[in-house]
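A.B. asks: Here is what each chain is made of, one letter per residue.
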Amino acid sequence: MADLVLRVLRGLALALVLVFFLFPIVWILLMSFQTNETILRLPPSLAFDPTLANYKALLTGTMETSSGTLQVTFLRNLGNSVLLASLSVGLSLLLGVPAAYAFARFRFRLGEDIAFTLLSFRFAPPLLVLLPLSLYFNELGLADTYAGLIWVYQLICLPLVLWIVRSHFEEAGVEVENAYRLDGHSWWAGFRKVAIPLAMPGIAAAGLLAFIFAWNNFVFALILASADKQPVTVGALAFVTASGIQYGQIAAAIVLSILPTLALALYAQRWLVEGLSLGAVKG
Amino acid sequence: MTEKAREFCEALVQGRIGRREFGRRMAALGIGTGAAGAMLNAASTQALAQGFDWGRHRGRSIKLLLNKHPYTDAMVANLDSFKQLTGMNVAYDVFPEDVYFDRVTAALSSRSAEYDAFMTGAYQTWQYGPAGWLVDLNEYIKDAGKTAPNYNWDDVLPNLRASTAWSGQPGAELGGPGSKQWAIPWGFELNSLAYNRRILERMGVGVPKSLPELAEASAKISRDGGGQLYGVGVRGSRSWATIHPGFLSGYANYGQRDFTVEGGKLRPAMATPQSKEFHRLWVKMIQDGGPRNWATYTWYQVGTDLGAGASAMIFDADILGYFMNGGDNRERGNIAYAAFKPNPAAQAPTPNAWIWSLAMSSASRQKDAAWAFMQWASGTEHGLFGARKMDFVNPVRASVWKDEEFRARIARSYPGYLEQYDASAPGSKIYFTPQPLFFNLTTEWAASLQRMVTKEVPVDEGLDRLAESVTRQLRQAGIG
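Top to bottom, those sequences are chains W and F. Under our numbering, the very last position in the first sequence is 283; numbers go up by exactly one each time. Under our numbering, the very last position in the second sequence is 1480; numbers go up by exactly one each time.
A hint or two may mislead.
Selected chain F positions facing chain W (in silico; Cβ < 8 angstroms) [claimed, not checked]:
id	residue
1	His1069
2	Arg1103
3	Ala1310
4	Phe1323
Hint data in this document are derived by calculation from the structure and do not stem from the laboratory. Note that beta-carbon positions come from the ideal geometry of N, C-alpha and C, so glycine has one too.
Full structure from sequences and hints, please.
C.D. replies: Structure (structure tokens):
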């Protein structure tokens, strides 16, 4: 009997926690199927006639407001976010995984200093570096280019990849690799066929985290690129207009913009939990 | 185009016949509305080009930095006529208002030549102008070789021309001696009362005529509103933008200033007995009749509540009430407008103005071409187009305000708007004292107001503390 009570209480507690954390997301989902008028009625209600008008506005690129028809560039913003986040993470993995391996396996002069310097990129407030950066970008012709933005996004992605993956290489230990090389395989083959598969949960976790951080970035593209290269984080603000806030379209934009990261997180879930918890224990 | 039709078009453009008469005569010639409109556009373009070589920058391309705003939409909708007139190409970047000024500041301070001209508020020019980031537009306005003879700068409302010009001397009068014209007024808003007729009638409340009446009416509505309705929406976030609309308009109407200037030095004037009296009235109005989360209220919340029927009145930008009377707002069609004289003893309203303006970057490499665009965008033709067909309100030109078609449109859909404008406009200008610490000190003023409304500090003490802090900062900056 006591067991049953405990189980019920535990279930209730879990349900409460779920409702607490999921309520904002569910509410946003419901808002995305409502007009501004039903969203803003007092008191708020769960009963409404669902409409797809908000999604239609986002997908067709035109929005009706109190001051007429406005052009919506949300799909372009979404495309920019996908492009910037995936290419930035790809480049970070390409540079960061070998670097993490080097930091984990070899001791060399100034090695820790270099690793810490790379980590310090995460500490610096972006606004501190943005103005000098925009001056250099103007000189170098990198201002308002995807290549320039992907380069700057390394400030977000590279330290994450480097430090998370490094701890996984260290955790995996060098013995298996040494045994593989004793069998006559090259160092490069050992890196590819032993070290990387062993560190894969960490690489997946680091890649996903870096993707989320890159996806959520706001200020780099805002300052360094023109309107046609802005990600969703800036694009979503376009629904806050002088003539009113389009709450329904903001909600629909949020729903659409969390889909890519949600899909990626679901796909990488099994590596993610292992990768993050291992990294957390090892520090 | 037949000779007769051409004559009628020219007569309308020159104001010799009215629009109705024009339509009647064109119909008599058997020319339909669409064709008549096209002929009229052609005649307008020719009239605009008279005596000025608009094509001198043909083939050039300029780039603009713009805020997402109905003014921008109106310009974009009419941009083809500029391209036809000049043979120029115009590229533009539009950013949402929440991040717009970050983008402008970054572009100007990095001396980027990417943007030739951009939208700005007048207050921002107090920072951008003295920093050397803007061009003094007097160089162009006064140059007959660069400005079309029919540009008619004097047609722009005098208070707005003055409010966008400053010598850079802290405390010096806007538009006074030695002023540089940092920007060209483009569209503006003044602060009046907008109210929900339906709610006021239901609650048995008349339209308030003064601040004490507004406070009393708001308190009654909040009291009787059953928690679903409050009296008056005003801004309250910790930002300079809380001070500049209704608050400063009322403050100025009570004869109060933000600073006094003695011997070139600024002294805060917020802690005088009269100022304290005004603050007490304002704070009480918010406590008894304002929104519950007043301290988070910006332009958006004030407007949204009026449009959704959560507030009965707002004392804010007249165009905010204008926008809330349309679109998918629940209360569309119920909003009305009234000029507002907060001080019962004052002669007339004194609304503080927010002026969206066009400015030219000093880093631009094609300033003459940028000026060609700026004079077109701020000219009478585009002003008329925006006012008649789009939401390019409030126009900054006296001639546009006299336009019959525009007035008829506003009178039809926005009851009382023209009357509030006509009564308010003569006294409308920027009532702040221009000085380089404007944003910091005005934000601090808003923060003090928040503490007074939440009763964290009594009004008198809060203002004494504010004055002390402002004095200290002015001294540190060498201007106090």
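A.B. asks: Does each hint hold? Answer for all of them.
C.D. replies: Hints, one by one, checked against the model:
1. His1069: Where the cut-off is 8 angstroms and the nearest Cβ of chain W is about 5 angstroms from His1069 of chain F, the hint holds.
2. Arg1103: Holds. Min distance 6 angstroms.
3. Ala1310: 6 angstroms, holds
4. Phe1323: Given a least distance of 4 angstroms, the restraint on Phe1323 of chain F holds.
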